[in-house]
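**Q** All chains should be modelled from the sequences, with the hints used to inform the complete structure.
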Amino acid sequence: MIASSQIKNKNIQMEIEIISFGQIAEFIEHQKIDISGITDTETFKQYIENQFPALKGMKYKLALNKNIVQENTAIKNPATIAIMPPFSGG
Amino acid sequence: MIASSQIKNKNIQMEIEIISFGQIAEFIEHQKIDISGITDTETFKQYIENQFPALKGMKYKLALNKNIVQENTAIKNPATIAIMPPFSGG
Amino acid sequence: MGEKKVKNIFVNGAITPAFIADSIAKHSSKTAIGGHSIFMGQVRKDEIAGKFVAAIEYTAYEELALEKMHQIREAIFEKYPLNCMHIYHSLGTVKTGEICLFVFTSSAHRKPAIEACSEVVDRLKAELPIWGKEIFEDETHQWKENT
Amino acid sequence: MGEKKVKNIFVNGAITPAFIADSIAKHSSKTAIGGHSIFMGQVRKDEIAGKFVAAIEYTAYEELALEKMHQIREAIFEKYPLNCMHIYHSLGTVKTGEICLFVFTSSAHRKPAIEACSEVVDRLKAELPIWGKEIFEDETHQWKENT
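Sequence lines, in order, name chains A, B, C and D.
Taking my numbering, the leading residue of the first sequence gets 1, the next gets one more, and so forth.
Taking my numbering, the leading residue of the second sequence gets 1, the next gets one more, and so forth.
Taking my numbering, the leading residue of the third sequence gets 1, the next gets one more, and so forth.
Taking my numbering, the leading residue of the fourth sequence gets 1, the next gets one more, and so forth.
Some clues are possibly wrong.
[Unchecked claim] Straight-line Cα separation of at most 27 Å, DSS-like style, residue types lysine-lysine; simulated pairs:
| hint | chain 1 | residue 1 | chain 2 | residue 2 |
| --- | --- | --- | --- | --- |
| 1 | D | Lys-26 | C | Lys-95 |
| 2 | C | Lys-111 | D | Lys-5 |
| 3 | D | Lys-26 | C | Lys-45 |
| 4 | D | Lys-26 | B | Lys-59 |
| 5 | D | Lys-45 | C | Lys-111 |
| 6 | D | Lys-5 | B | Lys-66 |
Just so you know, these hints were derived from the structure itself, not from any lab.
If you're wondering where the values come from, they're calculated on a predicted model, not measured in any experiment.
**A** The following block contains the structure:
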């Protein structure tokens, strides 16, 4: 059952809007992707780090639909994900 | 020897300028006294509390020649003694 | 306080002394206040590898920052008996010597005002999605990191 | 620092927002500063037995207060890495809603500025021979006591 559910999820086409800030905005542009196989924030991280290897060495946080991601969170269609380097306000 | 030294001190004529502040200035005016028998701040306290019994129930500090008195201190001629109620700046 | 409106904290460019004076003056009618605490962040002319910082350019994830600031504001009002709290942060370019952050808390007594102000500054720096890009005099840049 | 000049801290009447703005503005050329902390005391319209405070009239043993403030200033500069410290206290009449105390500390980083400011305010209130007479609206008075 788990396997079939995973397969089912993997087939869901996701519309994800990606926004980025600070240093990360220098190499990841604002974009919309239409993709299958990204069902939670962990799989998104794997995807985005593969697309942009520069991200691998960096500290960053995600915000899913304007909520800062503290632990792996399911992504529902459509989603906005922000990729944020360490904050430096003040 | 102590007794004669005390007698000697008691005969010294002291010129003491008394200044007062805050609530205490409402009943002790700025004045100069010419007095014998006041050789240290403890004897001054006794003197001034006798002169102004209202002082007895109050919290106050002395400053001898612009130094706040922390413990009994010898008074040398001439002296300025400030009588100060609790501070309330700020 | 849950239905309180989310306030804007962002101002374009530097925060001026005149703006701060105006904010202070507005409190003279609030006669229950006994103590005001203010923190101001000022852009330092840091030297890094022989180059001097000329300005910081601030960007933010504004919607998330305002929502987060709203939560911090409510938590601080819960914790301290404050009469007022005002927070302003620059976006865009702020030159060295100019003010980029203004936090202003007021209370009947000094301790809550001072403690609340200090806590707001700490939380704001740690929790608000704001980024500062240090622009050097030769127009190169590096990204600021809060220490 | 022992030979530093004893600075005056006393101003006649209320401290105005314009004076504070001017003091802040003067620091824009001090580009090593990253954080400013300000405390301001404001006269509260306290109600005591049905009567409202209209003003506080401040007096001081000025010479002793300035000497004591000088000692506090030196101790604070020893303890914290400050760039600047400015202190102003009113003498004479300050009406409710007006500012009677202004303490302003600046440092490269926020923590020393904030901690120094708070410590100066505490010490100033405890150690400086200054007295506040609360004048009620009916012109009776009582002597203020710091809590």
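**Q** Which hint numbers doesn't this structure obey?
**A** Hints 2 and 4 are the ones this structure does not satisfy, whereas the remaining hints hold.
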